[in-house]
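**Q** Sequence:
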Amino acid sequence: MQVLIFLSALMYLFLMDSDMKEPSMTMRFTEYFAMAGIIFTVTTLLYFSINFTVKKFKG
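If you're matching positions, the sequence shown starts at 1 in the numbering used here and goes up one per residue.
Be a bit skeptical, because a hint or two may be false.
[Claimed, not checked] The calculated label-pair distances, taken between Cβ atoms and stated as ranges, are:
1) 53 - 33: 29 to 35 Å
2) 25 - 45: 27 to 33 Å
3) 51 - 21: 39 to 45 Å
4) 58 - 34: 33 to 39 Å
5) 33 - 54: 39 to 45 Å
6) 6 - 55: 22 to 28 Å
7) 51 - 13: 17 to 23 Å
8) 55 - 9: 31 to 37 Å
9) 30 - 57: 36 to 42 Å
10) 11 - 56: 38 to 44 Å
11) 23 - 49: 30 to 36 Å
For the record, the hints were derived by calculation from the structure and aren't laboratory data. Yeah, the Cβ is synthetic: ideal placement off N, Cα and C, and Gly gets one too.
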């Protein structure tokens with residue numbers, strides 16, 4: 001649950017990065033989905049690498 005709150009706050013801060021000019025709605029959606037994709041990719045890589053390592057050492 002804490003990870004979900006952290007990721008939500010991170011995405012909020014990424015979107016509200018105080019651009020000098022108001023970004024278009026298309027740019028906001030692009031930033032949001034890019035950030036979601038990056039977080040998903042990093043989370044997936046961490047999960048599967050840790051899971052693989054644990055299974056490998058358990059035998």
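**Q** Please flag the earlier hints that this structure goes against, numbers listed from lowest up.
**A** 5, 7 and 10
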